[in-house]
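Using the sequences plus the hints, can you model the full thing?
Letter by letter, the chains look like this.
Number of protein chains: 2
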Amino acid sequence: MPQPPTAPAALAPAQARALFRAGLSTPTAGYCAGYAQANLIALPRDLAFDFLLFAQRNPKACPVLDVTEPGETRSAVFDGDLRTDLPAYRVYVDGRLTEETTDAGAAWRDDLVAFLIGCSFTFETPLIEAGIPVRHVETGTNVAMYRTNRDCRPAGRLAGPLVVSMRPVPADRVADAVRITSRYPAVHGAPVHVGDPAALGIADLGRPDFGDPVEVRAGEIPVFWACGVTPQAAVMASRPAYAIAHAPGHMAVTDVRDSVYQTP
Amino acid sequence: MPQPPTAPAALAPAQARALFRAGLSTPTAGYCAGYAQANLIALPRDLAFDFLLFAQRNPKACPVLDVTEPGETRSAVFDGDLRTDLPAYRVYVDGRLTEETTDAGAAWRDDLVAFLIGCSFTFETPLIEAGIPVRHVETGTNVAMYRTNRDCRPAGRLAGPLVVSMRPVPADRVADAVRITSRYPAVHGAPVHVGDPAALGIADLGRPDFGDPVEVRAGEIPVFWACGVTPQAAVMASRPAYAIAHAPGHMAVTDVRDSVYQTP
Chain A
1 MPQPPTAPAA LAPAQARALF RAGLSTPTAG YCAGYAQANL IALPRDLAFD
51 FLLFAQRNPK ACPVLDVTEP GETRSAVFDG DLRTDLPAYR VYVDGRLTEE
101 TTDAGAAWRD DLVAFLIGCS FTFETPLIEA GIPVRHVETG TNVAMYRTNR
151 DCRPAGRLAG PLVVSMRPVP ADRVADAVRI TSRYPAVHGA PVHVGDPAAL
201 GIADLGRPDF GDPVEVRAGE IPVFWACGVT PQAAVMASRP AYAIAHAPGH
251 MAVTDVRDSV YQTP
Chain B
265 MPQPPTAPAA LAPAQARALF RAGLSTPTAG YCAGYAQANL IALPRDLAFD
315 FLLFAQRNPK ACPVLDVTEP GETRSAVFDG DLRTDLPAYR VYVDGRLTEE
365 TTDAGAAWRD DLVAFLIGCS FTFETPLIEA GIPVRHVETG TNVAMYRTNR
415 DCRPAGRLAG PLVVSMRPVP ADRVADAVRI TSRYPAVHGA PVHVGDPAAL
465 GIADLGRPDF GDPVEVRAGE IPVFWACGVT PQAAVMASRP AYAIAHAPGH
515 MAVTDVRDSV YQTP
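Read top to bottom, the protein sequences are chains A and B.
Using our numbering, you'd call the opening residue of the first sequence number 1 and step up by one each time.
Using our numbering, you'd call the opening residue of the second sequence number 265 and step up by one each time.
Source of the hints: derived by calculation from the structure; they are not laboratory data.
Accuracy of the hints is not assured; some may be wrong.
[Claimed, not checked] Label pairs and their calculated CB-CB ranges: (1) 198/A with 361/B: 50 to 58 Å; (2) 125/A with 287/B: 53 to 61 Å; (3) 206/A with 373/B: 46 to 54 Å; (4) 375/B with 14/A: 42 to 50 Å.
All C-beta atoms in this analysis are idealised placements derived from N, C-alpha and C, irrespective of residue type, glycine included.
Here it is in structure tokens:
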């Protein structure tokens with residue numbers, strides 16, 4: 001396995017992907033500053049229509065950045081090999097995790113359609129630049145994510161609840177956080193909810209369903225954004241015959257600058 | 265056939281649809297002021313994935329407002345019967361127009377997936393309200409549409425050129441027209457081109473490929489928007505085994521207010 005780079009933020013996307021292809025397995029937070037990272041899910045052609053429809057019907061949770069043709073392993077937004085150039089993959093058979101690997105070349109099948117889904121990493125940079133603290137970045141933990149009591153619009157075999165990520169925001173910066181993130185509709189956009197976990201059916205912020213808990217301090221408001229785990233959870237609940245996804249936090253580093261996903 | 269209403273703009277969408285269901289066949293321009301109208305195309309499940317992918321890859325030309333499940337005849341944005349509640353339909357077999365009818369109930373098949381695609385009628389109202397003349401509305405003709413020399417990103421079996429609509433805009437209002445229409449990304453959004461037909465491969469503005477020519481007066485600039493004919497043209501070029509579409513200008517009147525498609 002190659003040595004981790006000393007300055008991952010300064011790498012170009014192709015440089016980072018070469019390290020991952022050579023076997024480096026690492027979370028990608030902080031890699032390739034200014035370039036968008038994406039969730040990967042590759043599904044058999046047969047399930048791909050349901051997935052694309054689920055995304056179309058639930059765009060805040062499932063912002064599609066690109067979709068490959070069946071069997072393609074390169075994307076318009078990712079000039080690398082989707083089978084090898086992410087740092088880690090998970091392979092699912094009949095909805096069960098069967099393998100975690102740094103090289104999905106052997107597991108990839110010719111009928112797979114790969115989806116690249118936007119990731120809220122993209123709007124965290126402008127939040128931080130605006131002086132809005134992002135706690136889980138400060139603590140070096142994973143973002144806290146929760147299943148809600150809101151159902152997504154189903155599509156074919158796919159159904160499930162909206163999953164949200166939560167970031168505590170100082171009360172006097174909530175409006176700024178809304179304003180800034182609403183400029184990024186391709187990466188979840190504006191919050192879906194501000195300030196009342198119970199209204200979303202979240203009983204205890206200290207016990208997230210995915211990721212790590214973060215402290216909500218006095219004077220801070222929990223702010224909830226639609227989360228890219230939503231479509232993955234719906235897919236896995238449908239027990240797909242076959243699926244390959246990135247390992248959590250081990251994202252696809254795209255060639256697209258964050259700014260491209262910013263609306264004017 | 266029912267009598268045409270005396271004040272079509274004042275009708276609620278359900279009222280207009282009841283007239284169309286009863287057999288009234290009329291272009292829908294000017295109907296149900298403030299409610300969005302949509303292009304309809306219904307395709308076999310087998311081709312639906314390619315179509316949805318084509319739309320995802322060419323969002324300016326193919327803004328998807330809603331997609332039904334196979335066999336569904338009602339949509340989240342259209343609380344009527346898609347088979348009967350448009351004023352006129354066209355039925356295609358093996359890519360050839362075989363029938364034009366006011367009632368597609370007999371032609372509809374259980375495997376059809378219906379797509380409702382945004383329509384630039386929605387942004388013409390705010391243009392006119394801002395004092396920007398819309399010539400083809402003034403003259404009561406169809407908008408002028410042109411095939412361009414720009415290829416869409418293909419998807420599966422679907423490929424074809426970008427088709428644009430053109431509206432002449434006074435030079436001192438072009439910036440306003442850009443600003444206003446960019447607020448409506450779900451109905452084609454900002455122009456794709458301003459002022460140079462030759463750069464799009466359009467040899468003669470007086471000879472549109474679809475619709476009617478309009479005069480471009482001294483001091484006016486031709487402004488080009490991506491057009492919903494783009495996906496229809498790509499579908500028909502692929503010679504689909506079966507398809508049902510609205511007849512040109514005879515749109516689906518939805519229950520969604522225009523303002524819903526306006527970004528903040």
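Supplied distance hint 42 to 50 Å, evaluated on CB atoms of residue 375/B and residue 14/A: With Cβ atoms ~44 Å apart, the hint holds.
Range agreement (Cβ of residue 373/B with Cβ of residue 206/A, hint 46 to 54 Å): holds (53 Å)
Residue 125/A paired with residue 287/B, Cβ distance criterion 53 to 61 Å: holds (58 Å)
Beta-carbon spacing of residue 198/A to residue 361/B - inside the hinted bounds 50 to 58 Å or not: For residue 198/A and residue 361/B the Cβ distance comes to about 56 Å; the hint holds.
In summary, this structure violates none of the numbered hints.
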